[in-house]
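This is what each chain is made of:
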Amino acid sequence: MSDFAKIIKKRKREDLIFNIIGISCTLVGIVTLGALIVDLLIDGLPRLDWQFFTSYPSRFPDKAGILSAWVGTLLVMLVTAVTAVPLGVAAGIYLEEYAPKNWLTSLIEINIANLAGVPSIIYGLMALGLLVYQLHLGQSILTGGITLSFLILPIVIVATREALRTIPQGIREAALALGSTNWQVVRYHLLPYSTGGILTGVIIALSRAIGETAPLVTIGALTFIAFLPPSPIQNQPPYVSFDWLWSPFSVLPIQMFNWVSRPDREFAVNAAGAGLALITVTLTLNAAAIYIRYRMRKKITW
Amino acid sequence: MDPAIERTKLSEFWDSEQFIRIKERIIESLLFLAAFFSIIITLGIFGTLVYESLTFFSRVSLITFLTDTLWTPLFYPPRFGILPLVTGTLVTTGIALAIALPIGSIVAIYLSEFAPRAVREFLKPVLELLSAVPTVVYGYFALLFVAPLLQKFIPDLPTFSMLSAGIVMGIMIIPYVSSLSEDAMRAVPMSLRESAYALGANRIITAVKVVYPAALSGIIASYILAVSRALGETMIVAIAAGMQPNLTLDPREPAATITAFIVQVSLGDLPHGSIGYQSIFAAGLTLFLMTLIFNVVGFYLRKRYRETY
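Line by line, the protein sequences give chains A and B.
Residues 1 to 302 in the working numbering are what the first sequence spells out, letter by letter.
Residues 1 to 309 in the working numbering are what the second sequence spells out, letter by letter.
Just so you know, the hints here were simulated from the structure itself, not pulled from any lab data.
Take the hints with a grain of salt, since some may be wrong.
In silico contact screen, one side only, chain B against chain A (beta carbon under 10 angstroms); selected entries [unchecked claim]: (1) Asp15; (2) Ile27; (3) Val60; (4) Leu225; (5) Met235.
We put the beta carbon where it would ideally sit given N, CA and C, even for glycine.
Using the sequences provided together with the hints, build the complete structure.
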């Protein structure tokens, strides 16, 4: 065999070896994810029954449930979505479509990039010092929802900007040429065309917020709640009540944390059950986001 | 006046150029306020941390804080040396990075330079699901699955250890590194790879010697994100690394991180304004400054290695 053929053979072998290394490294992540899901299923699946979803936490492991936790998660997410989505989308629209190129705009942009890197527990400390004790919002669903909405704001803003950026400039120019005002361009063209992209970002952001534990522990969300917040719908006029905003609360990840950190191993089964419920929600949301993104890419051709 | 006429006048007003102009101004101002709100959040974070820490440092001297080797703010007599929490944070972060940076980079090289298109389109979102798992679930996994598994290889490993927490944290961070690095590497122009192939390089040499350096700026950004995530990660270490402050660099021992300490204090019922309450803000400020330092260093490294085509 000539030297040249030998070198080619050696080079090809190197590529093959790296191919194997690359696949194995990718598998590390995927196998871990698989092991985690299987581990949760084995421990937690037998625990998931009607009683588990309709019971309050209890000191007896087999009587305990996640009723107050999932209701809390639902209500906190409601506050988070209602505050973070309009604020984040509006900020994204301003930065992408309106903002002049000046120092203030670049300051805001750098700031948003930095906020995305601030550890979530720091948001919790800020909420504890500012919202709970300075603004006297209490250790309530309202405070929890606002804290998480601050946390996911950068994700919503970045997603909105990216969705707007994919719309060709010609669309804006055509609408302006027909006499639209800036807002009309946004309202009747850019927003409808970017809904898919914004929605994907919002779903990813909310799924991140659902799993967040640390900031809510910091503001003083409780680990043992044996009651539900007052119902938002009343049977007497005015039929709607916002008292629930001020109610103390627990959420699914905090309930799970509480069960994991008990020395009594019988509670670990409950933790697995809560984890399973939690992971089902977040993985479903992420799958939905991936699906929407996929559909969008196929449907839209400019 | 006739109501019909009044209605016409009103609609004339709604459609008038003057009103539309005012409306446009109002909308633009509202959108600006939304964008500006992010600055208020930053000011809120920084202001709260500094304000509460200042009261803390009026009671505990900065030198004690930085040099004392014991952190027992809730015991009597209280000691306020942040060092044990800092070593706990750095050791768990170090373990996580030792796993996430090499594996994440190799995955990025594989996905960007080796994997067929269909494989990449499938693997990338699946890997990203790793970051969709709530960290409290990872904590459960580290304590009840990984720790017992590790004990089979290291018999005297305690149930709570920085090792098991760090390993799980590292795997959680892999997609942050791999996704961003892969994006950066795919943005490298094809002509660079073709030049390398023309000179007789194979794929792996091209990837390591040409594509990786060319994409270094973006890759460093992904590394910095990984460092920030690892430093600030809370639930995995709070559950699996133990909550006892411990001045050690041995990963096999249990230790508390800054974040775990904040969680531990928050779980109890500390009165507002007590020294224990203020100590979590001082700890939080330390963590905030540590992340800030890494981000600033990263910013300069990125600038230094930026390539333009």
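**Request:** Of all the hints given earlier, name the ones this structure violates by number, lowest first.
**Result:** Going through the list in order, the structure violates hints 1 and 3 and respects the others.
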